[in-house]
Amino acid sequence: MNIHTVSFGHPDAVRLNARVQREYAERYGDNGDITPLDPAMFAPPRGLFLIVYDDRGTPVASGGWRTQDTNDEGYANGDAEIKRMYVIPEARGHGLSRLVLAALEDDARAAGRTRMVLETGIKLPEAIALYTSSGYEPCARFGPYRFDELSRCYAKPLTATAPSATATATAGPAI
Numbered sequence: 001m002n003i004h005t006v007s008f009g010h011p012d013a014v015r016l017n018a019r020v021q022r023e024y025a026e027r028y029g030d031n032g033d034i035t036p037l038d039p040a041m042f043a044p045p046r047g048l049f050l051i052v053y054d055d056r057g058t059p060v061a062s063g064g065w066r067t068q069d070t071n072d073e074g075y076a077n078g079d080a081e082i083k084r085m086y087v088i089p090e091a092r093g094h095g096l097s098r099l100v101l102a103a104l105e106d107d108a109r110a111a112g113r114t115r116m117v118l119e120t121g122i123k124l125p126e127a128i129a130l131y132t133s134s135g136y137e138p139c140a141r142f143g144p145y146r147f148d149e150l151s152r153c154y155a156k157p158l159t160a161t162a163p164s165a166t167a168t169a170t171a172g173p174a175i
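In UniProt numbering, the protein residues as written are 1 to 175.
The reader is advised that the hints may include incorrect statements.
[As the list claims (entries may be wrong)] Straight-line C-alpha distance at most 25 Å; calculated SDA-like pairs for lysine to any residue: (1) LYS156 <-> GLY121; (2) LYS123 <-> ARG146; (3) LYS123 <-> ARG141; (4) LYS123 <-> ASP30; (5) LYS123 <-> GLY93; (6) LYS123 <-> HIS94.
What the hints contain is simulated information worked out from the structure, not anything from laboratory work. Note that the coordinates shown come from a computational prediction; the quantities given were computed from them, not determined experimentally.
All chains, full assembly: derive it from the sequences and hints.
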């Protein structure tokens with residue numbers, strides 16, 4: 001598996017985002033995530049978007065973070081918000097989400113962000129299990145879904161530590 005930094009507008013990112021949106025729509029019976037996103041939000045150093053490719057060059061997982069600071073949606077200065085974490089069904093169960101999560105945390109920390117935050121929903125129990133087992137704890141609600149009963153928000157302090165060996169060893173070139 002190889003992790004590549006890409007633009008959120010990259011064709012593979014667009015395809016993976018469409019897949020995750022379909023999954024959200026199926027699970028929630030709606031049109032998917034309404035959070036407005038733009039490729040510029042994920043441009044370093046204020047964000048990052050990653051895709052994991054298998055050994056055949058097929059995109060199998062993605063995830064990104066974007067800078068957030070104090071605003072009227074409940075974010076705090078220093079926040080890095082995780083968006084569009086996704087592993088295609090055929091590639092689940094191999095630790096790819098943990099690999100992407102560690103790489104995102106390392107990059108946000110290196111960019112000076114002090115807290116990683118995310119919003120997920122109760123119909124995504126595997127996401128909640130990933131985040132809570134990775135040290136994320138429930139926090140005050142934020143973002144466009146902060147008043148939605150199906151929404152859950154989590155946070156994890158980004159303390160100064162060495163980058164994870166896994167994320168560093170597998171990071172590929174920017175494309």
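Legend entry - Hint check against the structure, violated hint numbers in rising order: none
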